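*Asks:* Protein chains in written order, with full-length UniProt numbering: chain A, 1 to 199; chain B, 1 to 199; chain C, 1 to 199; chain D, 1 to 199; chain E, 1 to 199; chain F, 1 to 199.
Incorrect hints may have been included.
A pair counts as met if it fits within one copy or between any two copies, since identical chains are not told apart.
Pairs of lysine-lysine residues, derived as BS3-like cross-links and limited to a Cα-Cα distance of at most 30 Å, are as follows [what the hints assert, rightly or not]: (1) 45 to 189; (2) 189 to 123; (3) 45 to 123; (4) 123 to 146; (5) 146 to 189; (6) 45 to 146; (7) 45 to 127; (8) 146 to 127.
Calculated directly from the structure, the hints in this document are not laboratory data. The structure presented is a predicted model; accordingly, all values stated were derived computationally and were not measured.
Listed below, chain by chain, are the residues.
There are 6 protein chains.
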Amino acid sequence: MKGVCFLVTVALMALASSLASASDPSPLQDTCVAIDEPKDAGLDKPGNTSNTVASNVTTVNVEQIKGLNTLGISMVRIDYEPYGQNPPHTHPHPRATEILTVLEGTLYVGFVTSNPENRLISKVLYKGDVFVFPTGLIHFQFNVGKTNAVAIAGLSSQNPGVITIANAVFGSDPPINADVLTRAFQLDKNVVNYLQSRF
Amino acid sequence: MKGVCFLVTVALMALASSLASASDPSPLQDTCVAIDEPKDAGLDKPGNTSNTVASNVTTVNVEQIKGLNTLGISMVRIDYEPYGQNPPHTHPHPRATEILTVLEGTLYVGFVTSNPENRLISKVLYKGDVFVFPTGLIHFQFNVGKTNAVAIAGLSSQNPGVITIANAVFGSDPPINADVLTRAFQLDKNVVNYLQSRF
Amino acid sequence: MKGVCFLVTVALMALASSLASASDPSPLQDTCVAIDEPKDAGLDKPGNTSNTVASNVTTVNVEQIKGLNTLGISMVRIDYEPYGQNPPHTHPHPRATEILTVLEGTLYVGFVTSNPENRLISKVLYKGDVFVFPTGLIHFQFNVGKTNAVAIAGLSSQNPGVITIANAVFGSDPPINADVLTRAFQLDKNVVNYLQSRF
Amino acid sequence: MKGVCFLVTVALMALASSLASASDPSPLQDTCVAIDEPKDAGLDKPGNTSNTVASNVTTVNVEQIKGLNTLGISMVRIDYEPYGQNPPHTHPHPRATEILTVLEGTLYVGFVTSNPENRLISKVLYKGDVFVFPTGLIHFQFNVGKTNAVAIAGLSSQNPGVITIANAVFGSDPPINADVLTRAFQLDKNVVNYLQSRF
Amino acid sequence: MKGVCFLVTVALMALASSLASASDPSPLQDTCVAIDEPKDAGLDKPGNTSNTVASNVTTVNVEQIKGLNTLGISMVRIDYEPYGQNPPHTHPHPRATEILTVLEGTLYVGFVTSNPENRLISKVLYKGDVFVFPTGLIHFQFNVGKTNAVAIAGLSSQNPGVITIANAVFGSDPPINADVLTRAFQLDKNVVNYLQSRF
Amino acid sequence: MKGVCFLVTVALMALASSLASASDPSPLQDTCVAIDEPKDAGLDKPGNTSNTVASNVTTVNVEQIKGLNTLGISMVRIDYEPYGQNPPHTHPHPRATEILTVLEGTLYVGFVTSNPENRLISKVLYKGDVFVFPTGLIHFQFNVGKTNAVAIAGLSSQNPGVITIANAVFGSDPPINADVLTRAFQLDKNVVNYLQSRF
């Protein structure tokens, strides 16, 4: 039985990595328990924040834990250096609301509502505070404290996906026609070209 | 009966305009047929494109047609001047995939996949062509022809919502802390301040 | 990667054409972008209306456009000769509400609510008007103008299905026992036999 | 508490009887237990079959049993005289598949698949047999035995709705334009007029 | 065509029996009609009640009837000797509400609401009565009459699953650490050990 | 606007506390932002574990944070004394899978699959480890270390509900007929009576 389950799991993970056909179903079975030895998830260990935004997201997914498949939930640990940020992003897949609590440090967090209000809902969070980022909205966290910050978040999808706004807009492959971005962002074309070379 | 239905409809429309509690249910009834005289939808008439992006979206919603409530679909007409665009945006509410066909003109359209690929899928569409923008992804249309362009699109939600990326990021009310945007977009702080003053 | 995706796509399309196992899932991936060259959808071209109902439905499906799989939406163009009709039918699959706008001509359209009211909700639509046919209900369009008519419609399912009432009732293969239809429709048995020979 | 629940239940039942706004949600609460005295459902008693189709459907709904609200299931008992039938009909609301078992007698049952096959799947059922009518498809039962027949069925919706095809097509209020039905059913206009006068 | 469908059906049934990946989708196709000869379901025949709880559940599933796949409903017949019971259990899979009617005998039935009330909703049911067990709650039926009892129930899932509480808690394989159960149930450790040896 | 939103929020919270009519919808609006001052969630503070199971669950719900309504996610902090436990329980509402990570201490955790296997899937978790409890299954955590333990968990429902097995079975109000429990758990009737007096 274990062999069969393994084969199917492999097929599903292949689908999950590269294809449009994977779905977010309600489970009709309890769980798949054939993968014997989960690797340690290690959510107690800081991630590597040596990057342009000085933060790191450690994701717990189907490779680390038993039975995550079809269950519609996932968890992340986020580390931030002082002034580091999890930059403005969305989770594009349905049912990807995020609930976050601060384990260490001080975070300025927020999200922006849709047109026409584009209202910013933000708050400074201290250790033990909780905040919710509603599904589909652009949101961010920014470490406004003088020490490292750590947060744990749950997301109501087993594969919420991430669209980092700056990367998707200015760093797509191939790049979006610069005329589109120049007018949409009311930027000088040289600035758009510069940004497209950076991301 | 008509009076009762009207009252409830008013309550639902109030919810739909301003509150988090409106949902996207499967219908348990056929339809609500108490609103007697729908206004003309007028999707044959061009919208007013005198704005910074030189385009206009005319939305058909529950005020114009009978029975749209609970049915999970809506329709738009989009007009574009030459070089006008429907700028990069997302539809944040679940089940808001968009299918678009070109009635007049030539559109360069595209969407960008999520991290880490951020792949741009784009195409030039001529009259009669059809394209799909998957739910949650950043997408745009740009009139690359020398004449006005017109498109009709269906969206699989009765209230898909719209987040215009540039407006949500640089034009939120109140503004996002400029330090966040400076680092996230790798822009000079003066450019961020300038952009925040424009949107 | 493209090869793998193609194979899976083929498998899914096979499922979609002939089997009960295809589902209407929420997407867990952005899209499948391996099919390189979509055929032209050609929604600008009239369909062939030389048939008993003098109308034609041109459907845009997964063969013509990228990434339609899992996205829960589709689009059709309907052409009608004068006095042609899209005869009474339903869309049996869930989430198959239809929103229609008239591009050319004049249509008398309607749907009938369920028991016990069986109320007909109908309207004459002119160019630019919009109407919604709620999921599951019997509906039709009839060209009451003196010129050809054209409509575009969006449906909130990637495979809504169609049941043409007259064909399903009188033209099934094998035929329904004539005793059933004689009593159900209160028709003379000779009329039922005649109808069964026509469809 | 009981009073409050009663009031809300009344409001919900009002919605359920006449409006489009009632939905088919997943429950967020266990149940509503404030209605103290359910009437006897009486599924052991034959219904009155003195009608044109010589059959009767007894429905168990929210008035007879506690907590049916939001739970997405219902049950019916169907009685048939010899040669009586539950005439061709559909259940228009989503998730309204029907599973039926025969308690007494012999039934010829069937459903017709959608276009273009319109294939009839039928079977003669004896006491203890079970059959499934898939959501959205036209189906019927016909008592081909010489004694009364009785069936029990479960439906996966708390309000599946019923569209009796003959009544919806020929008996709507107001009637569908006879020109539409004449061509759609390839009937003589006199026959259509006759049918419209009967239903 | 039949061969292909059979192969896929086999694959799906394999998934359904042993894996986490099977889902509870909305159907995108009408039905799968390639399995020609359904076995008789035999819901008219009593099940074998010679067991510790003196009851038997006969389940109708995809092996006995055409087209059950993807349709989200199933049916059971339950037989009870005098003082026999369907012991406290839950249905763990989503959309598994149960609606039950008594064909013969007298049943004391009930369910318990969730924390903190843990309210028992119970009723004595006679022939023809109907009761609903809401999804997820612990429920039971107990034959309090002096003759055998028979019930028919519909469940709004094609695979609702069953967790018999006593077996899951005291009879799991391997057993739950007795220290957990001793404190949770406030039982003497010897009683826990005795129970674990029985189940 | 704030006043209106507040009133509706009150109504929704009333529904959420006591009625069956609250649902778990997909959001059609971004969020409700009218509640100005969320109380501190305080997930950094240990809960009071002076109770029979020596553990405590601190739940973050709609009263503490903005916009939780309709968003389908919640978070808990669980504290355990040495040998304390979160006793065997289920979450009855749909989409209530739980993902848990250990912040401090050592936990023996597990869940039991449904009939007929009733397989126990268990693991000893150390700081930073993650585990998933699938929706609907009986599960528990037990502090097997010599120091206090702390865990954070996300649940994919805004109101998952809790059924503590021992309390629901032996402590319902009114109590379940002791004859049912005696046979179901194969206990002496005196033991059942004793247990019913304790819970």
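*Asks:* Which numbered conditions among the earlier hints are violated in the structure presented, ordered from lowest to highest?
*Replies:* Hint check: 1 fails alone, others pass.
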